[in-house]
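S.K.: Protein chains in written order, with my numbering: chain A, 1 to 350; chain B, 1 to 350.
The hints are simulated quantities; they were obtained by calculation from the structure and are not laboratory data. Hints may contain errors.
If chains are identical, the list can't say which one is meant, so a pair holds when it fits in one copy or spans any two.
Straight-line alpha carbon distances no greater than 20 angstroms define the calculated DMTMM-like cross-link-like pairs of lysine to aspartate or glutamate that follow [stated by the list, open to error]:
#1 153 to 309
#2 125 to 309
#3 151 to 86
#4 160 to 112
#5 128 to 309
#6 139 to 172
#7 262 to 309
#8 153 to 193
#9 153 to 112
#10 66 to 183
#11 262 to 301
#12 348 to 69
#13 167 to 112
#14 306 to 289
Protein chains: 2
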Amino acid sequence: MKPGTIFLVSILILLYFNSARSQDTSDMKRKLEPLRNNFALAIHGGAGNIIHRNLTPEQQQQYKDKMSEALRAGYAILDTGGKSIDAVEASIRIMEDSPLFNAGKGSVFTYEGKNEMDAAIMDGKTLKAGAVAGVRTIKNPISAAKKVMQKSKFVLISGKGAEQFAKEQGLEIVDTSYFFTEERWKQLIQVRDSAKTDSLKNDSTGSIINKREDHYGTVGCVALDRHGNLAAGTSTGGIVNKKYNRIGDSPLIGAGTYANNKTCAVSCTGHGEDFIRIVAAKTISDLMEYKGMSVSQAAAEVIKNKLSEIKGDGGTIVIDKNGIITMPFNTTGMFRGYIDRKGKVTVKIF
Amino acid sequence: MKPGTIFLVSILILLYFNSARSQDTSDMKRKLEPLRNNFALAIHGGAGNIIHRNLTPEQQQQYKDKMSEALRAGYAILDTGGKSIDAVEASIRIMEDSPLFNAGKGSVFTYEGKNEMDAAIMDGKTLKAGAVAGVRTIKNPISAAKKVMQKSKFVLISGKGAEQFAKEQGLEIVDTSYFFTEERWKQLIQVRDSAKTDSLKNDSTGSIINKREDHYGTVGCVALDRHGNLAAGTSTGGIVNKKYNRIGDSPLIGAGTYANNKTCAVSCTGHGEDFIRIVAAKTISDLMEYKGMSVSQAAAEVIKNKLSEIKGDGGTIVIDKNGIITMPFNTTGMFRGYIDRKGKVTVKIF
Numbered sequence: 001m002k003p004g005t006i007f008l009v010s011i012l013i014l015l016y017f018n019s020a021r022s023q024d025t026s027d028m029k030r031k032l033e034p035l036r037n038n039f040a041l042a043i044h045g046g047a048g049n050i051i052h053r054n055l056t057p058e059q060q061q062q063y064k065d066k067m068s069e070a071l072r073a074g075y076a077i078l079d080t081g082g083k084s085i086d087a088v089e090a091s092i093r094i095m096e097d098s099p100l101f102n103a104g105k106g107s108v109f110t111y112e113g114k115n116e117m118d119a120a121i122m123d124g125k126t127l128k129a130g131a132v133a134g135v136r137t138i139k140n141p142i143s144a145a146k147k148v149m150q151k152s153k154f155v156l157i158s159g160k161g162a163e164q165f166a167k168e169q170g171l172e173i174v175d176t177s178y179f180f181t182e183e184r185w186k187q188l189i190q191v192r193d194s195a196k197t198d199s200l201k202n203d204s205t206g207s208i209i210n211k212r213e214d215h216y217g218t219v220g221c222v223a224l225d226r227h228g229n230l231a232a233g234t235s236t237g238g239i240v241n242k243k244y245n246r247i248g249d250s251p252l253i254g255a256g257t258y259a260n261n262k263t264c265a266v267s268c269t270g271h272g273e274d275f276i277r278i279v280a281a282k283t284i285s286d287l288m289e290y291k292g293m294s295v296s297q298a299a300a301e302v303i304k305n306k307l308s309e310i311k312g313d314g315g316t317i318v319i320d321k322n323g324i325i326t327m328p329f330n331t332t333g334m335f336r337g338y339i340d341r342k343g344k345v346t347v348k349i350f
Numbered sequence: 001m002k003p004g005t006i007f008l009v010s011i012l013i014l015l016y017f018n019s020a021r022s023q024d025t026s027d028m029k030r031k032l033e034p035l036r037n038n039f040a041l042a043i044h045g046g047a048g049n050i051i052h053r054n055l056t057p058e059q060q061q062q063y064k065d066k067m068s069e070a071l072r073a074g075y076a077i078l079d080t081g082g083k084s085i086d087a088v089e090a091s092i093r094i095m096e097d098s099p100l101f102n103a104g105k106g107s108v109f110t111y112e113g114k115n116e117m118d119a120a121i122m123d124g125k126t127l128k129a130g131a132v133a134g135v136r137t138i139k140n141p142i143s144a145a146k147k148v149m150q151k152s153k154f155v156l157i158s159g160k161g162a163e164q165f166a167k168e169q170g171l172e173i174v175d176t177s178y179f180f181t182e183e184r185w186k187q188l189i190q191v192r193d194s195a196k197t198d199s200l201k202n203d204s205t206g207s208i209i210n211k212r213e214d215h216y217g218t219v220g221c222v223a224l225d226r227h228g229n230l231a232a233g234t235s236t237g238g239i240v241n242k243k244y245n246r247i248g249d250s251p252l253i254g255a256g257t258y259a260n261n262k263t264c265a266v267s268c269t270g271h272g273e274d275f276i277r278i279v280a281a282k283t284i285s286d287l288m289e290y291k292g293m294s295v296s297q298a299a300a301e302v303i304k305n306k307l308s309e310i311k312g313d314g315g316t317i318v319i320d321k322n323g324i325i326t327m328p329f330n331t332t333g334m335f336r337g338y339i340d341r342k343g344k345v346t347v348k349i350f
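Starting from the given sequences, assemble the full structure and let the hints guide the process.
M.R.: Set out below in structure tokens:
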């Protein structure tokens, strides 16, 4: 070959590898390692209109510290050969117990000034799942979801029935006042006031949801354990000022939460109704299983295309059966992080 | 060619066409017609262990008459150019109002002796959806689901909140005693008694679900209208003797109910938890969209393979964008029927 031809071919080869790389790249991409040695865990703390001027450096650090703590709690279980489902529960409990996130303590208020929480968990090995919706007295809804999966014939239970079940199972029950936080209460008043003074924009439910104004704050976790099993979990207080015992996507298997050892584990965050309509989590899995997409391609297709097509907001964290993690979102930010096999923590907001 | 060769070739051609036909055949297969002229509607009234000796000829006729009435109600709307979503609602209301089916009047009782109903509806054109769960006073839950879709920002609302919404929307509210039927009450007593006398088999929820003993009786409808739009709806009283405000697959978009103009409209019936775990309805749609399966292949794959793999029971009715209908089930029977463009009704049980 002539030098010119060699140069041209080299350029083409370089371009090809670069495009293949960028197609499958996320900032969370991990090296493939032998399965028994490989494990991984990722979390989110909600996606939304998170901008620098709304969070002081101190607040940002608070979020990062709490996410790091959550990651380490899950890591401790995976590192010692524990199950992904237990790691998911452990990580989410840390975030539920923190007032920083819209789940457990720190949940948003409904129109009526109540906290109504939803959670789900799914085991990718057995396809067993458990979920609770609209619970008001269970300290850790994610643990109730796990009990539903393990100890009942049902997948989804709700309201007072779910609370009774949690009590029978010996889970911690708290007074509804436990979930009160000053900041969330102020947020409700603000949103309710703006709904009143802006009644022309009010929808017929009487419930203004300021899609662009707030981040949603749902928490979630996905994990791959050393046995090669995937799990996913999501927990949330839902949408501020919600009415009519609304249930979001988080407790709905296939919408906000899904896990399948064949493909991936998924936890979503954002405007729940949009995730329900596109059955987001299952669609990511199906794009991998039926269309042969990589985890990054499948998650991007759902968040950047399908969600955006219906003008939906949010993001997702997904881990595949090889431990590759991707975390796309179409909002300005998403609280998110992952921990690698050696315990190195990475957390991001914007 | 020699006569022998011609004979052999003819046989091969015949075999080929027969195999192609059987692969894509259901007793519901319809001719393809120009879209504007084509419309179709199918219903189910539940799948389960329905056997001849449990239904007298008179009872079978009652079911067939009521299903025919439901089919004609939807047909009347489609025939005059109405919307599939309205046809779905109309057909389901007929079955909700009949004590024969486990939806609306005739719903099964919970462990506590209550009726808690779920319903969902979805518009395949817009991917908008609405659903209610655990409602006790709304005469026609399917109409409440439609109002949620049309008049609220939410997809799924539940319990007392959903009842309040229905009331505000002017839907008919009834006393809980309206839903009482002698037959369903006896069924509850029987199931509760067998749970008590058979406590060794009792699961930890204290709720025996006699998977093999009863048909589930959920009702559903799928339709294609003259505008080329698909819709699906499902309504149910859930599972007899259920506890903890259990929510089944019917009101969950992607599990028991789904519609998308790109692919198909789906309504499922059976043991709800299994349909949730495999996200049945969305999987049928995804097998068509991403794997290029026909509607019959996709529905069969989910019911005969995926559902059976997790030892699930039930069936589904699916209509594709061309009006082709398929109705697979893995139980001994499924109340089902369809009406063709000329108004000819076909109803079946076994």
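S.K.: It remains to establish, for every hint, whether it holds in the given structure.
M.R.: Structure-based check of each hint:
Only between protomers do residue 153 and residue 309 lie at most 20 angstroms apart by alpha-carbon distance; the minimum there is 17 angstroms, versus 37 angstroms within a single protomer. For a Cα distance limit of 20 angstroms, the shortest separation of residue 125 from residue 309 across copies, 13 angstroms, qualifies, whereas the shortest one inside one copy, 32 angstroms, does not. For the identical chains of this complex, residue 151 and residue 86 are intra-copy neighbours only, at 15 angstroms inside a copy versus 40 angstroms across copies, given an alpha-carbon limit of 20 angstroms. For the homomeric pair residue 160 and residue 112, the shortest alpha-carbon distances inside one copy (17 angstroms) and between copies (13 angstroms) are both at most 20 angstroms.
For the homomeric pair residue 128 and residue 309, the shortest alpha-carbon distance between copies (13 angstroms) is at most 20 angstroms, but the shortest distance inside one copy (31 angstroms) is not. Taking identical chains as interchangeable, the C-alpha atoms of residue 139 and residue 172 lie at most 20 angstroms apart only when both belong to the same chain, with a minimum of 6 angstroms there against 37 angstroms between chains. In this assembly of identical chains, residue 262 and residue 309 lie within 20 angstroms of each other by CA distance solely across copies; the values are 14 angstroms between and 28 angstroms within a copy. When the C-alpha separation of residue 153 and residue 193 is checked against a cutoff of 20 angstroms, the pair qualifies only between copies, where the shortest distance is 18 angstroms, while the shortest distance within a copy is 43 angstroms.
For the identical chains of this complex, residue 153 and residue 112 are inter-copy neighbours only, at 17 angstroms across copies versus 32 angstroms inside a copy, given an alpha-carbon limit of 20 angstroms. In this homomeric assembly, residue 66 and residue 183 come within 20 angstroms of each other (Cα to Cα) only inside a single copy, at 18 angstroms, whereas the closest approach across copies is 55 angstroms. Both within a single protomer and between protomers do residue 262 and residue 301 lie at most 20 angstroms apart by alpha-carbon distance, with minima of 19 angstroms and 17 angstroms respectively. Taking identical chains as interchangeable, the C-alpha atoms of residue 348 and residue 69 lie at most 20 angstroms apart only when both belong to the same chain, with a minimum of 14 angstroms there against 59 angstroms between chains.
Taking CA atoms no more than 20 angstroms apart as the test, residue 167 paired with residue 112 passes between copies only; the shortest distance there is 17 angstroms, against 25 angstroms inside one copy. Taking identical chains as interchangeable, the C-alpha atoms of residue 306 and residue 289 lie at most 20 angstroms apart whether they share a chain (17 angstroms) or sit on different chains (14 angstroms).
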